[in-house]
Structures are given as structure tokens and as C-alpha cells.
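Trainee: So the chains spell out like this:
Number of protein chains: 2
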Amino acid sequence: MSLPSRATIYEVGPRDGLQNVSQAVSTDAKVAFVDALTQAGLSAIEVTSFVSPKVVPQLADGADVMARVRRRAGVRYPVLVPNEKGLDAALAAGAREMAVFTAASESFNKRNVNASVADSIDRFRPVARRTLDAGLRLRGYVSTAFGCPFQGDVPVEDVVIVVQLLADLGCHEISVGDTIGVADPAQVRRVVEALGARFDLAHVALHVHDTWGRALANVVAGLECGITTFDSSAGGLGGCPFAPGATGNVATEDVVDLLHRMGVATGVDLERLVDASLAFEAATGIPLPSRVLAAVRARRSRAGCA
Amino acid sequence: MSLPSRATIYEVGPRDGLQNVSQAVSTDAKVAFVDALTQAGLSAIEVTSFVSPKVVPQLADGADVMARVRRRAGVRYPVLVPNEKGLDAALAAGAREMAVFTAASESFNKRNVNASVADSIDRFRPVARRTLDAGLRLRGYVSTAFGCPFQGDVPVEDVVIVVQLLADLGCHEISVGDTIGVADPAQVRRVVEALGARFDLAHVALHVHDTWGRALANVVAGLECGITTFDSSAGGLGGCPFAPGATGNVATEDVVDLLHRMGVATGVDLERLVDASLAFEAATGIPLPSRVLAAVRARRSRAGCA
Chain A
1 MSLPSRATIY EVGPRDGLQN VSQAVSTDAK VAFVDALTQA GLSAIEVTSF VSPKVVPQLA
61 DGADVMARVR RRAGVRYPVL VPNEKGLDAA LAAGAREMAV FTAASESFNK RNVNASVADS
121 IDRFRPVARR TLDAGLRLRG YVSTAFGCPF QGDVPVEDVV IVVQLLADLG CHEISVGDTI
181 GVADPAQVRR VVEALGARFD LAHVALHVHD TWGRALANVV AGLECGITTF DSSAGGLGGC
241 PFAPGATGNV ATEDVVDLLH RMGVATGVDL ERLVDASLAF EAATGIPLPS RVLAAVRARR
301 SRAGCA
Chain B
1 MSLPSRATIY EVGPRDGLQN VSQAVSTDAK VAFVDALTQA GLSAIEVTSF VSPKVVPQLA
61 DGADVMARVR RRAGVRYPVL VPNEKGLDAA LAAGAREMAV FTAASESFNK RNVNASVADS
121 IDRFRPVARR TLDAGLRLRG YVSTAFGCPF QGDVPVEDVV IVVQLLADLG CHEISVGDTI
181 GVADPAQVRR VVEALGARFD LAHVALHVHD TWGRALANVV AGLECGITTF DSSAGGLGGC
241 PFAPGATGNV ATEDVVDLLH RMGVATGVDL ERLVDASLAF EAATGIPLPS RVLAAVRARR
301 SRAGCA
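Top line first, the protein sequences correspond to chains A and B. All the letters of the first sequence, read from the start, carry residue numbers 1 to 306 under the numbering used here. All the letters of the second sequence, read from the start, carry residue numbers 1 to 306 under the numbering used here.
Derived from the structure by calculation, the hints contain no laboratory data. Fair warning: there could be bad hints in the mix.
Among chain B residues calculated to face chain A with C-beta under 8 Å, some are [what the hints assert, rightly or not]:
1. Arg72
2. Ala73
3. Gly74
4. Val75
5. Val160
6. Thr211
7. Leu216
8. Pro244
9. Gly245
10. Ala246
11. Asp254
12. Asp257
These figures come from a predicted structure and were not determined experimentally. Even for Gly, the Cβ is constructed at its ideal location relative to N, Cα and C.
Extracted from the complex, chain A is given alone in its bound form:
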């Protein structure tokens, strides 16, 4: 198998991870977390979202966080925006990249944003137009691309259609997500091959969850099929909104260590990344499920270990 020499990690912990944590986290801890992730060498960090604080109270301080993080030149700091009101707030906070989201499953979209997939895309048209007109970048998320908590299986054709709709909207990068972590490597191959037949995979990211333990196996399948951008969350921060107590986002540490071990560069300094996660854990008391975090912690606390 030939693998790429380099891959990009798109860090979602401060937004996607924190959104799925019930415990309150201080603005200070969030800012320190993002800054530590920048120090670790991440080149894309989704900082927060500008959704209604009624819907996502965990990220109600998004504008403060954006104002206070120390942005490093060349690093992307996108934010999630659900509508024009969110876009206004994001622009006011100086965001230079916006992310919009829909789902491949009609049932999921209906329950999540009370709209059909097509209607949810229509809602984003003014957001997309204004973002692009301002010379800013737009990222699109397709959730439930590998399975839906409500309808179960999601046909590959539905994923291709939604990715096309987001590409038509002007998204420079489209993240295809396994929201409930049910994907398996054979399925990832099928979906990525179908996407690769129609789109340049340089603009497609894979967003996997480790709910059923298969996240890294799915990353490998994606990598072998041409994916070079992977979403992940530092420490595995997050959890599964559809199965409280289960694991959510794949841990950035686990993806980075896998890629490095396979000879794929990421630009991320694993030890500094671990420092970022451990500092966040210490500041918030939120336990992080990353296997690599546990292994490095064990190695640090005992000499001569693997």
C-alpha cells in the first residue's frame, strides 16, 4: 500500500468535543486549551461555534474565546455557524473560516435541525455567499455518513449527493462524519472510493468516532484510499451524544501517533499535544479517553517503559 508522506489533522476538541461535555468549562481553560494546541503544532483548530447559547450553552462564550486565543500565522481557526446570526457574530469575532453542517441521513437532519437535507443546505446559502464574498473559507460537515441513530444504514449515494450539494455551495473542504462511530474499514473504503470517483479527495476530510473502537482502523482505510485530512479531538474529548458514557471523537493523540508510526508526517509534536490534553484534564477534571494519552502518561510516570 502506498501512503501519503503527509496528512493534516483538523482539531475539533475545543468545539465538537466541548459541545458534548455536560460539565461547565471556564473561558480561561478553553483559551489555554486552544493556545496549547497551537503550541503543539496543529495547523487547523476549530475554536468554537456561534450557535444559540440555548442550544449549546457550553460554547456561549465563543466570542470571548475567539478574542482571546493567540492565533499563529498560517494556522486555521474555523468556527461553526448555523445561520446568518451566527455568521454575524463569527465575523465580529474575527473568524476567517466558517463551518456549516448538514447530515447524509434525512431522519437525522429532521430531528437535528427540523429540516430536510436539501432545506438545510438552502438555509446555508446566504451564509455561504457572504463568507465567500468576504474572501473567507467555508468548510462543510456531513454527519451520519456511515450510519444514523434513527434510520440505521445510510446509502453511499446519499453521502455523494450531500457532498455534491456542499461542494456546489462553495465549501473548500467537506468533512464526512461517522457521527455514531459505527463505520467499519470496508465501509470506509466503499464510501471514500465513491467520493474519490467524483471529487478531489484533497478537499474531503474523514471525521471518525471511536464509539465502537474502530476509529483508527477507519483512519487507516481512509488513508489507504486517498484521504489526507482527518478530524480528531485532543485527548478524545467529547463523548457520544446518542450514547452517554460511550466514546466519541477519535483522539488526536491516537491519530497522530498512528500516522507518525506509519511514516506519515503531521507537523504535530506528540509530547506537546499530550501536555495540552493533560493540562486541560487537570484544569477541568474531565477525564480524557485517549489510549496514547494513557500510554504516554504511564511512560512519563515510570522510566524504561514502551
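Fit chain B to the supplied structure of chain A, relying on the hints for placement.
Mentor: Only chain B this time, still in chain A's reference frame:
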């Protein structure tokens, strides 16, 4: 990729898992654990070891456990034996399959059993001869086949040599182990392809640890290269002896769910397997790190989840 229609799970929790747990576990809990694993449909369960209780006090009650477990016809219940004294005890306890162990790394073997790889094999000759003469089966373990906590990298050629030595000893199955969980899928391909060029892979098992989160990715690589027997531990019971606090054996639940999802039958009933792990956890208070166990527990405690 063509995958096999069926794979065998070789359950190591009651032996390898418990051996790496510092907490005392009652004989009752061990017997109930093995019986529940039998009920879950596992076809090979390594029950205990007959090593010196000074070295492995956790398994000092091996004879009692063997006497009390309810063996199901057609199911293998091997035990680990380090020498003739252990073999005597294993035979007295009615064991019908013995497992012996060595390492691919000279440094590891030296530290683990104070012998070179070749000398450790020589020590097993009388054990092997008597086991085979009694018409019983012999399994061989090769640890540190993908990396060593002392010497680091382990050449593929060294793995091939040790597997050959164990095959010459009469082992019907040889388990190639990633003792410290450092393997990556590309490395698994290299090692398995080297073994497949020389041995019938129907007699080779892959024993992976999830220390660095890559266990399932490595199982997939092994499966794609022709491995059909996988060692795993119910719930992920165990831990890494070289990095206390880190994850050890891959969880049987995680392997079984992966295989089933990919269309590979195992004969294991996942729900009953989860019952076995949850009962063990409840009886002993030892938390089990399996992702699938967490996901099924979450699903059971909340309707309508993934």
C-alpha cells in the same frame, strides 16, 4: 479486499488478563467468568497458568479453577505451562491443551525468563514431547514480535526464526504477539506476509494489545493478509505490565463487533459476552476498558441509541 467468512477468537482474559491485574480476584469470580465466556460461545478460552505462585500469585488457584469450570464439548480450554513442574500440575488438573511462551526479542527473553530465545525453546522440549505424546495440543506464544520494551525494534527475520522453532517443537498454533501494543498496520502486513511465505497462516494467531490504540487497525491488517485466529481479552481485561495505567490486551468485544460488522462470523454472541464482562466487573470492581462494552452499556441504559 476479500475477507474470510469466519474467524476464531482465542480468549485470553482469564489468564493473560488476570495475570496483569494487581487486585486479588476470588476463585469463584474466575470460575464464573470462564463459564460465562463459554456461554457466550467462545471456542477457545485460556483458563489459567501453572507457573510458580511466587511469580504470578494472581493465578495460584489455577488447579481449583480448572477443576471447577464447566467445560463444553468442542471448546478448547488451554493453560499456560512454563516447565515440567507446571505441566505435571496442568495434567493433574485435566488440561487438554498446553501453551508455552518465548519472545522474538533476545533482550526481552533474557529479562523475562533469564535465557536466550534458543535456550528457552530447549527448556520446553520435554514439555512439548510429553504433551504431544499424551495426544494433547500445544500452543506457542511469541511475545515482542512487533517491538520490545528493552531493545526497541525487532527484525521480521527474528520473528520468522522463533515461529519456525515453535513449529519444529510441534505447536499446532503459534500466537505472534505485540506485547507492548506498538505495532502499526503496515508493520503487521510485513510480518504476516513474511510468515505467510513460510507457514500455513491457519496455524498462526495474532495477539494484539491496544496500548497505543491501534489494536483493531492491526486486526484488520492481519485479517486482510490471511490471519483467521485472534487473541483477545473479554472487556480488555489486563493492562500493560510495562506501562502501568496503559491499556493491554485488545478487548474481545471490540474484535467480535468489528469482525461481525465486516461480515466475518465468530460464533460469539456479543450480548452474552458483554454480560460476562459486566458480571466480572461487578464481582471484582475491576474497570474494563473495552469501547464496545461502554457503548453497549450506554445503549442498554438508554433506549433509542446507536
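Trainee: Would you mind marking each hint as holding or not holding in the structure?
Mentor: Hint check:
no., hint, result
1, Arg72, "violated (28 Å)"
2, Ala73, "violated (32 Å)"
3, Gly74, "violated (29 Å)"
4, Val75, "violated (25 Å)"
5, Val160, "violated (21 Å)"
6, Thr211, "holds (5 Å)"
7, Leu216, "holds (5 Å)"
8, Pro244, "holds (6 Å)"
9, Gly245, "holds (4 Å)"
10, Ala246, "holds (4 Å)"
11, Asp254, "holds (4 Å)"
12, Asp257, "holds (6 Å)"
Consistency note: the structure conflicts with the earlier hints numbered 1, 2, 3, 4, 5.
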